[in-house]
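Engineer: Keeping their order, the protein sequence lines are chains A and B.
For what it's worth, the numbering used here labels the leading residue of the first sequence as 1, then goes sequentially.
For what it's worth, the numbering used here labels the leading residue of the second sequence as 1, then goes sequentially.
Among these hints, one or two may not hold up.
As the list claims (entries may be wrong) - Derived lysine-lysine pairs resembling DSSO-like cross-links, with alpha carbons at most 27 Å apart:
1. K140/A <-> K58/B
2. K427/B <-> K55/A
3. K29/B <-> K45/B
4. K120/A <-> K456/B
5. K169/B <-> K120/A
6. K359/B <-> K140/A
7. K45/B <-> K169/B
8. K472/B <-> K140/A
9. K32/B <-> K98/B
10. K427/B <-> K413/B
11. K32/B <-> K109/A
12. K51/A <-> K427/B
13. K78/B <-> K58/B
Derived by calculation from the structure, the hints in this document are not laboratory data.
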Amino acid sequence: MFFSIKDLSVSVDGKKILNNFSIEIKKGEIHAIMGPNGSGKSTLANVIAGKEEYKVESGEITFKQKNLFDFNIEERAKQGIFLAFQYPIEIPGVNITPFLRSSLNSKLKHNNNDEIDNIKFSDLLRQKAAELGIDIEMLKRPVNVGFSGGEKKKYEILQMSILNPELCIFDETDSGLDIDALKIVTNGINKLKNSNNSFLIITHYQKLLDHIKPDYVHVMRDGLIVKTGNRSLVSEIEKTGYKNF
Amino acid sequence: MNSQTIQTIKETDTKKYKYGFVTDIESEKPKKGLNENIIKYISSKKKEPRWMLEWRLKAYNKWLKMKDPKWANIKFPKINYQDIYYYSAPKGFEKKPKNLNEVDPKILETYNKLGIPLEEQKILAGVAVDAVFDSVSVATTYKGELDKLGIIFCSISEAIIQHPELIKKYLGSVIPQADHKFSALNSAVFTDGSFVYIPENVKCPMELSTYFRINSEETGQFERTLIIADKGSYVSYLEGCTAPKRDTNQLHAANVELVALDNAEIKYSTVQNWYPGDENGKGGIYNFVTKRGICKGINSKISWTQVETGSAITWKYPSCILKGENSIGEFYSVAITNNFQQADTGTKMIHIGKNSKSKIISKGISIGKSQNTYRGAVNFLKNAIKSRNYTQCDSLLIGDQCGAHTIPYIESKNNSSIIEHEASTSKINEEQLYYCRQRGLNHEEAVSLIVNGFCKQVLQELPMEFAVEAQKLVSISLEGSVG
Numbered sequence: 001m002f003f004s005i006k007d008l009s010v011s012v013d014g015k016k017i018l019n020n021f022s023i024e025i026k027k028g029e030i031h032a033i034m035g036p037n038g039s040g041k042s043t044l045a046n047v048i049a050g051k052e053e054y055k056v057e058s059g060e061i062t063f064k065q066k067n068l069f070d071f072n073i074e075e076r077a078k079q080g081i082f083l084a085f086q087y088p089i090e091i092p093g094v095n096i097t098p099f100l101r102s103s104l105n106s107k108l109k110h111n112n113n114d115e116i117d118n119i120k121f122s123d124l125l126r127q128k129a130a131e132l133g134i135d136i137e138m139l140k141r142p143v144n145v146g147f148s149g150g151e152k153k154k155y156e157i158l159q160m161s162i163l164n165p166e167l168c169i170f171d172e173t174d175s176g177l178d179i180d181a182l183k184i185v186t187n188g189i190n191k192l193k194n195s196n197n198s199f200l201i202i203t204h205y206q207k208l209l210d211h212i213k214p215d216y217v218h219v220m221r222d223g224l225i226v227k228t229g230n231r232s233l234v235s236e237i238e239k240t241g242y243k244n245f
Numbered sequence: 001m002n003s004q005t006i007q008t009i010k011e012t013d014t015k016k017y018k019y020g021f022v023t024d025i026e027s028e029k030p031k032k033g034l035n036e037n038i039i040k041y042i043s044s045k046k047k048e049p050r051w052m053l054e055w056r057l058k059a060y061n062k063w064l065k066m067k068d069p070k071w072a073n074i075k076f077p078k079i080n081y082q083d084i085y086y087y088s089a090p091k092g093f094e095k096k097p098k099n100l101n102e103v104d105p106k107i108l109e110t111y112n113k114l115g116i117p118l119e120e121q122k123i124l125a126g127v128a129v130d131a132v133f134d135s136v137s138v139a140t141t142y143k144g145e146l147d148k149l150g151i152i153f154c155s156i157s158e159a160i161i162q163h164p165e166l167i168k169k170y171l172g173s174v175i176p177q178a179d180h181k182f183s184a185l186n187s188a189v190f191t192d193g194s195f196v197y198i199p200e201n202v203k204c205p206m207e208l209s210t211y212f213r214i215n216s217e218e219t220g221q222f223e224r225t226l227i228i229a230d231k232g233s234y235v236s237y238l239e240g241c242t243a244p245k246r247d248t249n250q251l252h253a254a255n256v257e258l259v260a261l262d263n264a265e266i267k268y269s270t271v272q273n274w275y276p277g278d279e280n281g282k283g284g285i286y287n288f289v290t291k292r293g294i295c296k297g298i299n300s301k302i303s304w305t306q307v308e309t310g311s312a313i314t315w316k317y318p319s320c321i322l323k324g325e326n327s328i329g330e331f332y333s334v335a336i337t338n339n340f341q342q343a344d345t346g347t348k349m350i351h352i353g354k355n356s357k358s359k360i361i362s363k364g365i366s367i368g369k370s371q372n373t374y375r376g377a378v379n380f381l382k383n384a385i386k387s388r389n390y391t392q393c394d395s396l397l398i399g400d401q402c403g404a405h406t407i408p409y410i411e412s413k414n415n416s417s418i419i420e421h422e423a424s425t426s427k428i429n430e431e432q433l434y435y436c437r438q439r440g441l442n443h444e445e446a447v448s449l450i451v452n453g454f455c456k457q458v459l460q461e462l463p464m465e466f467a468v469e470a471q472k473l474v475s476i477s478l479e480g481s482v483g
């Protein structure tokens with residue numbers, strides 16, 4: 001299995017957030033997890049990424065046959081896990097271009113590849129930005145500083161396209177997006193999707209899923225998946241909300 | 001703050017201070033201690049004229065009656081002025097070598113190791129360097145090219161002999177001998193440093209730079225630098241410094257004076273990396289420095305940029321006296337303290353001329369058990385009408401045992417001047433670290449990136465040749481990842 005979570009229980013400050021959560025994702029699949037606020041969606045994303053404030057009570061996560069709990073945040077990132085944040089944080093004084101170049105280089109180094117030089121990187125960045133419809137002026141600014149909600153998400157997509165991860169997790173990426181920004185995000189996902197990577201899209205609303213075709217839709221509640229289906233589940237939720245699950 | 005952040009921070013630079021080596025060279029020193037004979041010895045070693053010796057002795061007599069300044073937020077044992085060597089030169093050093101063949105290869109090798117090659121074929125492009133080793137200047141590069149433009153760039157000892165008229169006119173004109181005890185001390189025993197004179201309407205085409213190296217043990221370094229920018233001229237000057245690792249504290253008491261005449265501009269940058277002491281606070285340089293510039297003429301400008309990462313104690317307030325109408329003073333500072341380092345640094349902007357403007361950007365980073373104080377004064381005198389100051393002080397705390405302090409003094413004697421002051425104190429943000437690490441940067445890289453971002457407003461003021469070096473130095477001061 002490419003990626004699997006088995007019977008994962010996680011607590012924060014003594015409060016159980018994930019409760020025997022399980023999921024399996026194959027290469028090339030798109031999974032959507034929907035659920036009401038407080039169902040544990042963001043915790044799930046952060047636990048996969050390796051954020052340290054969570055206590056794993058039991059269960060396991062494997063990624064490419066490796067136990068993810070053996071690795072810290074950056075090691076997981078370098079192995080191909082990418083988390084598009086719900087609220088990407090500002091880093092004043094750190095410009096996008098050098099930030100992203102160091103980020104890519106640490107991944108290249110990890111895979112025993114040569115680092116990319118400034119000129120080649122600059123070309124790559126411009127090309128990717130153009131493909132995604134991102135204004136190159138944005139690339140001269142510090143990371144997320146003064147970005148609108150939409151710009152932040154676009155920038156997350158741009159980073160994803162540069163780093164070329166194998167498992168992309170979107171944590172409520174659609175919150176606070178206008179239609180145009182939403183399009184950039186969904187077009188980005190559609191463009192980047194191929195048979196070698198997988199997507200886990202966590203969302204509260206169905207809006208994002210109008211433009212992406214998930215292979216599976218899961219409904220999450222009280223820390224575990226209560227129902228799994230195909231796209232038709234999305235319209236069901238749209239009609240009746242989460243109260244039936 | 002999670003445990004890993006604290007761990008990263010604990011693995012600090014001191015064990016790996018890469019400039020901590022000692023050059024094995026025999027040096028010539030008079031006996032320890034300060035008295036009239038020592039001053040006469042220094043003066044005669046430098047073959048100074050009589051008036052210079054008298055100037056020194058006058059300062060010494062003032063010094064005798066003065067007390068150590070007490071107002072800074074620093075703690076250190078009383079300095080025993082009689083337990084310091086006041087002069088140290090490589091043995092047999094009679095006068096500055098005419099060319100590099102005459103310089104001891106060990107000294108050349110020292111500067112190579114420090115990344116400041118002096119040999120003709122290796123010298124840094126676009127930077128003229130004056131190399132000061134303990135108490136003497138050993139070499140100055142690019143001299144010929146500067147001579148053609150009428151620019152004087154030499155050691156202060158040479159200038160005293162060759163340009164006495166300029167020295168008599170300007171030495172001590174910005175920092176009076178008796179300004180405070182350290183300035184009096186320096187005036188009495190200063191050994192070497194640089195002298196710069198830029199003639200009218202000449203824009204100096206390259207960076208001028210002095211590299212100070214303290215090698216000898218228990219030796220004080222008393223550097224004296226004087227820069228004069230004549231009408232309509234421009235110069236950018238950079239100072240760098242290092243010292244070997246030693247268990248005992250060493251004293252560095254410098255006086256730097258800048259004079260900018262009408263429409264002249266001086267940009268003065270410092271990258272200070274004196275040995276900071278070990279992780280238990282043993283050893284390190286006491287850096288008691290007086291730097292002051294006067295914007296004497298109309299539209300003149302003086303800009304100080306400093307990156308302070310070293311020294312056990314930094315006590316330093318590069319200041320501007322804004323005498324000329326429309327003159328401009330600037331102060332950009334990054335001060336990083338780690339372990340038991342103490343820094344009390346800032347600036348004074350004294351507005352005398354009307355429409356004078358000043359800008360202060362200070363970034364303090366405290367780590368370990370260190371104490372980092374910004375102390376700054378802005379004074380508007382009666383005639384400084386319509387003058388302005390903008391001050392921004394930001395402090396970043398890493399860990400919970402360090403301290404950051406901001407102490408601004410503001411005084412205005414007219415009612416048309418405007419001052420703006422902004423200050424902030426923050427801790428390094430775990431969410432920023434998480435974000436960087438999720439993008440594959442390790443913990444150290446992430447801390448260094450965030451701190452460099454925090455300092456950027458200041459680092460970008462450095463001449464390009466040094467900005468990259470300074471960025472690396474900031475990272476090293478945080479990480480302990482010296483290559």
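Engineer: State the violated hints by number, sorted upward, taking the hints as numbered earlier in the document.
Structural biologist: When the structure is compared with the hints, numbers 1, 5, 9, 10, 11 turn out to be violated.
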